[in-house]
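Each protein sequence line maps, in turn, to chains A and B.
End of the first sequence sits at 76 in this note's numbering; the numbers just go up one at a time, nothing left out.
End of the second sequence sits at 286 in this note's numbering; the numbers just go up one at a time, nothing left out.
No wet-lab data here; the hints were simulated from the structure.
One or more hints might be untrue.
Distance ranges between label pairs, derived from CB positions [stated by the list, open to error]:
{"hint": "1", "chain 1": "A", "residue 1": "GLU55", "chain 2": "B", "residue 2": "ARG99", "range": "35 to 45 Å"}
{"hint": "2", "chain 1": "A", "residue 1": "ILE2", "chain 2": "B", "residue 2": "ASN210", "range": "26 to 36 Å"}
{"hint": "3", "chain 1": "A", "residue 1": "SER44", "chain 2": "B", "residue 2": "ILE20", "range": "46 to 56 Å"}
{"hint": "4", "chain 1": "B", "residue 1": "SER109", "chain 2": "A", "residue 2": "GLU26", "range": "22 to 32 Å"}
{"hint": "5", "chain 1": "B", "residue 1": "ASP185", "chain 2": "A", "residue 2": "ILE2", "range": "39 to 49 Å"}
{"hint": "6", "chain 1": "A", "residue 1": "VAL12", "chain 2": "B", "residue 2": "SER30", "range": "23 to 33 Å"}
{"hint": "7", "chain 1": "A", "residue 1": "ASP18", "chain 2": "B", "residue 2": "ASN210", "range": "49 to 59 Å"}
{"hint": "8", "chain 1": "B", "residue 1": "ARG87", "chain 2": "A", "residue 2": "SER44", "range": "34 to 44 Å"}
{"hint": "9", "chain 1": "B", "residue 1": "GLY47", "chain 2": "A", "residue 2": "GLY30", "range": "21 to 31 Å"}
{"hint": "10", "chain 1": "A", "residue 1": "GLU46", "chain 2": "B", "residue 2": "GLY138", "range": "53 to 63 Å"}
In the EDC-like style, the derived pairs of lysine to aspartate or glutamate whose C-alpha atoms are separated by at most 20 Å in a straight line are [to be verified]:
{"hint": "11", "chain 1": "B", "residue 1": "LYS31", "chain 2": "A", "residue 2": "GLU10"}
{"hint": "12", "chain 1": "B", "residue 1": "LYS173", "chain 2": "A", "residue 2": "GLU4"}
{"hint": "13", "chain 1": "B", "residue 1": "LYS19", "chain 2": "B", "residue 2": "ASP256"}
{"hint": "14", "chain 1": "B", "residue 1": "LYS113", "chain 2": "B", "residue 2": "ASP141"}
{"hint": "15", "chain 1": "B", "residue 1": "LYS31", "chain 2": "A", "residue 2": "GLU9"}
{"hint": "16", "chain 1": "B", "residue 1": "LYS173", "chain 2": "B", "residue 2": "GLU131"}
Okay, the calculated bits of chain B under chain A, using three or more residues with CB under 8 Å as the criterion [stated by the list, open to error]:
{"hint": "17", "segment": "25-31"}
{"hint": "18", "segment": "210-223"}
Keep in mind the model is a prediction, meaning the values are calculated, not measured.
A virtual CB, placed ideally from N, CA and C, is assigned to each residue, including glycine.
Each chain is listed here by its residues.
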Amino acid sequence: MILEIVTTEETVYSGEVDIVIAPGVEGQLGILPRHAPLLTAVSSGEIIARNGSSEERIAVSGGFLEVSNDRVTILA
Amino acid sequence: MASVRQIARRIRSVENTAKITKAMSMIAASKLRRTQDSATRGRAYAGSMAQMVSNVMSQGDDENGSQPLAEEREVKSVGLILITPDRGLTGGLNSNILRASGDFIGEQSVPVKVVAYGKKGRDYSRRNGIEIINEFIGFGDRPSSADTEPVSNAMMNCFENGDVDSVFVSYAKFVNTTSQRPVVDQLVPVIPVDLGTSNTGGYIFEPDANAVLSQLLPRYFQSIVHQAILEANASEQSARMVAMNQATDNANAMVDDLTLVMNKLRQESITKELLDIVGGVSAVES
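The shape of chain A in the complex, shown without the other chains (with noise of 0.2 Å):
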């Protein structure tokens, strides 16, 4: 599964992940491969990418998350 974290500056994160954790607006929300094409906002908190043992948090102060073929888009 690709992560790609967005900003309207630059490209923050790009890259191979086995979750992501991310803050949605009705709460905590664990992507894992493969889920179903999903559209959500983000409130503001951390977004926790994991990749085998590395384990990268970044920050985010709302914006929108999206699912589709296996790619996890977040525009911050």
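Since the structure of chain A is provided, determine the placement of chain B on it from the hints.
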């Protein structure tokens, strides 16, 4: 025939012009680097945003119809966000944008209302008696999204009130340093474009389609306008850099030509004086 002194004065004035155009070209070059940077970096965001919206809209969900920004109705009036530089000395850029926009306006069978970003577009609209909804002038070469949001909001309000029934944005797309392409793009109603992705369809919306879209669509509108403004700024700087480089070259060529003329004249007048003296001496001696 101009005297040597007149030509010398002319050369000085052309040299000064060259100095000014050189400085302008250097300023434009340094601004270009920054504006080009933000334009190219912004493309990722605007591109993802367009893709996201297009994915959602191509689903053809009935629920989309209830979105004010996705509403399709009979077009009785067209809104145009006209993005131009505030200043001239950009070579053919301004006239190219305005010609493209003018052609677009001419093609419409219904009245066009303009939100002008940039002085040149405002002046053009005024000259041609096009209704101006609002004008935004003097945001410099690196506007923040807070600066450009009012531009989008002005037009979005008009669309939601039914003052305009479709919205286009006109600007110069930055291709590379020597080439800027004037484009007119449709913003709303959002046209679902096929971007070549095999769309599985059937999105899950959280909390629901309406809530997500009513946030997403205005954001989409704003990000497209913001990106257009960034592109337009990069285009302006690159056009100015090239135009001023050209002007500097022309001025230098002119100085060379004038120097040649001046030297010929100077030599001629010296020869004449010598002849006079020699003639005078021989007259005295005989």
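- Item | Hints violated by the structure (numbers, ascending) | 1, 4, 5, 7, 10, 12, 14, 16 and 17
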